[in-house]
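This is what each chain is made of:
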Amino acid sequence: MQRIATGELRLVELSRHYGDFVAVDGIDLDVPAGSFFALLGPSGCGKTTTLRMVAGLEEPSAGRIMLGADDITNTRAHQRRVNTVFQSYALFPHLSIIDNVGFGLRRLKVADWKSKAMEALAMVKLADRANQRPRQLSGGMQQRVALARAIVNRPEILLLDEPLGALDLKLRREMQIELKRIQSEVGITFIHVTHDQEEAMTMADTVAVMRDGHIEQLGAPAELYDRPATAFVANFLGKSNLIPIELIEPGVAVITAVTPGVKIPVAPQTIPATISEGLHLGIRPEKVHLASGGVQDDRPQLVGQVSDVSFTGVSTDYLVRLEWGQEFTLTQPNDGTSRARLGERVTLTWDPKQAFVVGAD
Amino acid sequence: MQRIATGELRLVELSRHYGDFVAVDGIDLDVPAGSFFALLGPSGCGKTTTLRMVAGLEEPSAGRIMLGADDITNTRAHQRRVNTVFQSYALFPHLSIIDNVGFGLRRLKVADWKSKAMEALAMVKLADRANQRPRQLSGGMQQRVALARAIVNRPEILLLDEPLGALDLKLRREMQIELKRIQSEVGITFIHVTHDQEEAMTMADTVAVMRDGHIEQLGAPAELYDRPATAFVANFLGKSNLIPIELIEPGVAVITAVTPGVKIPVAPQTIPATISEGLHLGIRPEKVHLASGGVQDDRPQLVGQVSDVSFTGVSTDYLVRLEWGQEFTLTQPNDGTSRARLGERVTLTWDPKQAFVVGAD
Amino acid sequence: GSPAQGGKTAAPAPTDLSDVDKIVNWSNWPLYMDEADDGSYPTLQAFTKQTGIKVNYNTDYNDNEEFFAKVQPLLAAGQDTGRDLWVSTDWMVARLISLGYIQPLNKDNIPNAGNLQPSLQDVSYDPGRVYSLPWQGIFAGIGYNLARTGGRKVTSMDQLLHDKQLKGKVVLLSEMRDTVGLMLMEQGKRLDNFTADDFAAALTVIQDAKDAGQLRGFSGNNYADDLDKGVVAASVVWAGDVAQMAVGNKNLGVTLPDTGFTLSYDNLVIPAMAQHKTNAEKLINYYYNPEVMAQVTGWVNYLSPVAGVKDVLLKSSDPDVVAVAKSQLVFPDDATMARAQKFRALTSEEDLSFTRQYQALVTG
Amino acid sequence: MAFALPGARPRKSAKRRRGLFVPAILLLPALIWLVFFFVVPTIALASQSLQTGSIYQGFQFTWAFSNYTEALSTYWSQMVRSFIYAASATVFTLAIGFPLAWFIAHRSGRFKNIVLVLVVAPFFTNFLIRTLAWQTILVDGGFVANVMKATGITGFLNWIGLVPNDSLLGSPFAVICGLIYNFLPFMVLPLYTSVERIDQRYLDAAADLYSNGWNTFWKVIWPLSLPGVVAGTLLTFIPAVGDYINAKILGNANTTMVGKVIESEFLVNLNYPIAAALSFVLMIIIIVMVSAYVRAAGTEELV
Amino acid sequence: MGSAISTALRWLRKHAIIIIGLLIIAYIMLPNIVVIIFSFNQPVGRRNGIWHEFSFNAWTHICAPAGMCDAVGLSLGIGVVAALVATVIGTMAAFALVRYRFRGRGTTNLLVFFPMATPEVVMGSSLLTLFIAVGVRSGIATILIAHILFTLSFVVTTVKARVASMDPALEQAAADLYATPSQAFWRVTFPLAAPGIAAGALLAFALSFDDYIVTSFNAGPSTITFPMYIWGAAQKGVPVQVNVIGTIMFLGAIAIVAIAQGIGSRKSKVEA
Ligand SMILES: Nc1ncnc2c1ncn2[C@@H]1O[C@H](COP(=O)(O)OP(=O)(O)OP(=O)(O)O)[C@@H](O)[C@H]1O
Ligand SMILES: Nc1ncnc2c1ncn2[C@@H]1O[C@H](COP(=O)(O)OP(=O)(O)OP(=O)(O)O)[C@@H](O)[C@H]1O
Ligand SMILES: [Mg+2]
Ligand SMILES: [Mg+2]
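Protein chains in written order, with the numbering used here: chain B, 1 to 361; chain U, 1001 to 1361; chain S, 2001 to 2364; chain Z, 3001 to 3303; chain R, 4001 to 4272.
It is possible that part of the hints are untrue.
Derived pair list, reagent style DSS-like, types lysine-lysine, alpha-carbon separation capped at 30 Å [said to hold, decoys possible]:
| no. | chain 1 | residue 1 | chain 2 | residue 2 |
| --- | --- | --- | --- | --- |
| 1 | Z | K3219 | S | K2153 |
| 2 | U | K1239 | B | K239 |
| 3 | Z | K3219 | B | K125 |
| 4 | S | K2282 | S | K2250 |
Hint data in this document are derived by calculation from the structure and do not stem from the laboratory.
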């Protein structure tokens, strides 16, 4: 089993239609062998469909799928060294948990399938449920079985369709660590669909954001977060405050919202060369500070009134209504510094290098 | 439909056994009418089972269920003004989406069921899918249909079993706002199972943490977060650094880990009266600071070496190895302040009033 | 199942409703009645017109055994079967008489009974024709399909049972009296005085042929289709049927063996508890008019028990009908008749014993 | 465990009453039918099977268990033959019926209902007519017979003893063919209803876990369709054991099945006690086999 | 070249089940085709065994053979009523047997198999004896009772197979959405169990329409069903019109299904 992974995946112009509806629209993608690839995107954007095509469970309407040097577009599912953690689990109802987990190993004629399967079950903390049936387990337990069932085969590519969605935070973190460990030990290529952005950010080498069947942006997690290419990505990955702006001179922009006229500095390196129309300045809520004294001249300054305060544990979220009516979100860590009160007038500021500029959506 | 909710729910000694196995173990619970109640707990702790008993889908092994003044323990499921968003959706495969959503209304003989159902579908952004079948929708879409199907009936109690688990962050936030809006407008009692702690914290009036079939702690979100009663709750709700301590005089404790002897101040009001053995001091990662200059005398001080740095978007997580080997987690907001480097020696400190003391688990 | 509490007793007769209720319920074999193109029965309609008695004519008598099984529980329970008249084969009449299930005919109501052919007046199972009057008669012989016999005629039981060319394609009639009768005659026995040993000896020959795989099976009326299609090469047959089929299929032929062949009749009887006995007797009387019976014979082409029918038919203007009148199988000459034999009436013990022996052979 | 609160006790009993009431109502009509029209006559039949006598002398109840031994010793070979024919027919019907059921359930698209009707279509032409049609099809010198002879199939069947002569008709082969054909709907329809429920997701999961078609069938599809397989085999096997029409029309003099024997004991020999005893023996053997089979298949637990 | 072969192989693999399915359908249809062909035969005598010449005669004079059309009508009526009753009470029983655990369930399960295991002659005569003993006259009512009895087992077994593989979660969802048990049944359980119930009903109708032995015992003197008619006619030659009836029944069933489906799809389109 413990073979060296050759799981370099390439999708070429891959498409999938359902009747008139285009679920996946000509995706081109390179996933290097042994990498941890995260696929993000809103509900219904085609993530599951893409994974199913890679697994061989759905026939592409067009395009090709390459694994290493081989074109596997026509290879049948069971001949691909690819395993999937299904979004709906798809556990075999007639088999016990251990038989579910050992299913793939037995097909591969692995002699000690039982001990391997038990190990995998132990990893997901369900060793004591080995002889129960899927319907006797809770939702989260079933999801863990699905995870164990796929991972125990040590495939070249592991497709994970929200594999941890039904788990509580603590267990999810533990499982994340296990997944990372297996991935770096065995060198499996992971393609991971998740709605947990933190998960995507911390685990993945590369993140792709999908939208309506195509890939909107692809890159390292910090790059996507700090330099989103589009307003969609900016809004999808974490929260952003987007302010319509117009560049008036290098390094200075004027806000063009309802009441225009406020000039703010922008860092030249954040301005994309290709777009000139409908520019927006974006700032992440946690990059914004409540200015408690004077503000340096080369820093932007916006004045507003606190319209909402909400406590989220780690931090506190403020909603600040700016002069021209736009609501501005900011997050302040609960690090013991004083909190602003509802209705208070505050001045907001940020480091221009931490802002970004995108075109209109 | 728009009737005044009387949905005050009381569970009295409610239990459920599966053979020898006790899934729910004598729960006592009061949920005031119109409140938003969150049920948290690790996978398999009995959340779904509890909801199912409230819905009337599972027969309690013992105990009673009261709705307002009525004992509904023997009332049958269809006679309870209670609706459920099922963890596994349980959409009717033979009905179109609109018929799925309108199912309950038609049973209640609501004349304009179709327009009401369309409204609910619009709320979950699936109005254009009204005539499709469940199997034609993506996972997240199916979950939204399940949500619409339950909420459209405006029941006295709405049971939500991870209703937003398959949605991306952005959509989840929007749905949370919709749920909150409906709840405050119509005054439905919500009982919400979620693994998203932020969701529980921001939405719920009251949070209950379940463990192995019983309720471990119950209270307002901030209370549970800031003053967890047990190590389990402290660890389950967010991350905590727990240090074994011994009280040596009021206001001062000595750390009793492998190499003992470090004295640190504790706030007397954080020390629970009932426990004296196996005390632990808990500090949330975001309450810990990297001391960049001298530290005040009345503040605790711990020295260690940065063993891991990870970027999570909003903030950066550090793992600091303390002198006696314990790993200490801390979270620093990415607010532009300088980050510590891997291997650097740092001093940690916190406000003693923001720490808490719990017994051994 | 139906435990029969039988024994030879007088058949019970209820009050006759004939005068009040001008109907008669008749169960007959299918296609045993003249039929117009529209499916109506001309002679029956004429009868109703003449007498005002309505005839409920049912063709639900498909098989002696099966019909007996249907009515036996009712008769055993002393209940009305809902029928006033039906048509049973000779041996069944014998059984019905000995069980007391049928009523003596009131010959006063059947003056035409005198038209019965003299040779049929006295039969062993019903001396003096107290209970029954024949309806139609038929010969059993050997039929073959030249397309399957390799072009050769089959002329004897010996050939039928031993010709290798016919292996696996021979059918015998499940009607014991016809099949075993032919065998007995070939072995030189007479059907009116053979012994139990003779019977057993005849069976042995058939059993040997069966064990050798010569037989396709034992059949009721279905043999005819099989022979027609060539599914079966040769068979013990009812000669009239095959003669009719031969008109459409030139490969078919029928032999009446030189050693003898059986003649049997189906007979009109009135069951116990029949509610319209007099009406039934009037109906019998009506058909025993040669003019009426001639119409039936002209259509069904079987041996008529009523004297004078042939003359009526010969007078017909229809050449087909005249051809019927000249057929040896419908109106055999004396030479043919001399070779025909009737199976003797069996005692109840013999009946059961022979039947069971034969069935052991059939189902073995 | 917690103390039961007042009110908890009566709930239990109330539930139990409801729990019995509903199935009782649901079962009532069927039970009435079975008890009045089947169990009662069957008791009469049981009494008859222990009688002696004849139709001429009348029958008396004499605890004549000898009827059973006589029935068995006389007809054991027809009995064995019936079970062999029925079992082979059931196996073949299953082998043909499964792909057909799968085809109807998953691959026939919008023609599904029409194909279903096609499967039942034979019954719309009378059994006599359609069995006779089989004679036309298999007749010597016909197309089918010629093809099978030319390809050596007839020779092979002859060699294994299923065709005693060179003719397809009048052979155990034809009988089993007829049984397969006539009982196919009884196999296909229950199979179809079970197979139709199988979720595509399980097949996806199996393929994803390296199952080829064969393994997917045996490890996933087959166990999930067991309720249909059991129902179909029972609906085929049980009536096939008692069937004799096929043996009569398509077989030869040496292929008689036990149904025919019972019929002739009953109708021709008028030996009612033996016929009754034989029926009972048949019913009991079938029921014993069926119980063992259902238990072995484990469908009672299978959901 | 190689890729052409592999493409062909892939096509074959993908469509194998369709090809096999169609072959089996062809096998099932074979006798029906013979029946249809011979419905256009003009036999010489009364026997329609060998092909003679083509003719529409039987089609233009369908009801010419006396009593045949009446018999067909009667059999259709009995088949429909028997199938309906057997399906209703059989479905109820199947649900009870699958969904509930009660004492005597095993016995009831077995009892359902007994009628199937009973030789037809024995069942027919036993029923006749029973009817005589309680003084019921044979006729349509007794035929119906008998048909319901022997089709019941087939319905119960077929429906059970379906219900056993159904997910109770959906019925629970219905109950959660205020559906009373009967509404839950009609709106959710029934549509999901419908293929099983329909299959049971089809089998019941087919069995009833085709039964001869049990029927002939319990028919009484003047009731003649279609199989009884044919059995009688077979003694002296089955008329060609019987083939016409078989063909019409067969085509009629397909037409009914096709029309029903057409209406169904139009209805759903209108709703859309
Ligand atoms: N039908 C059943 N038979 C046996 N055990 C069961 C059954 N249903 C649930 N359980 C057990 O009861 C316990 C509680 O299950 P429950 O579904 O309530 O968990 P949960 O809190 O909803 O978990 P999750 O967050 O994973 O959905 C689990 O250990 C589960 O295995
Ligand atoms: N069998 C099908 N028939 C028709 N449309 C389908 C089918 N399967 C998927 N779709 C459509 O394709 C689109 C993409 O679906 P997919 O399941 O890939 O989404 P997803 O990205 O996985 O979403 P989610 O996060 O909600 O699971 C959806 O709009 C869905 O409605
Ligand atoms: Mg998905
Ligand atoms: Mg759960």
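Straight-line alpha-carbon gap K1239(U) to K239(B), limit 30 Å: Holds: K1239(U) and K239(B) sit about 23 Å apart, inside 30 Å.
Given pair status - K2250(S), K2282(S), alpha carbons within 30 Å: Status violated; Cα separation ~42 Å.
Straight-line alpha-carbon gap K3219(Z) to K2153(S), limit 30 Å: With Cα atoms ~61 Å apart, K3219(Z) and K2153(S) exceed 30 Å; violated.
K3219(Z) paired with K125(B) [C-alpha distance capped at 30 Å]: holds (26 Å)
The structure shown violates the earlier hints numbered 1 and 4.
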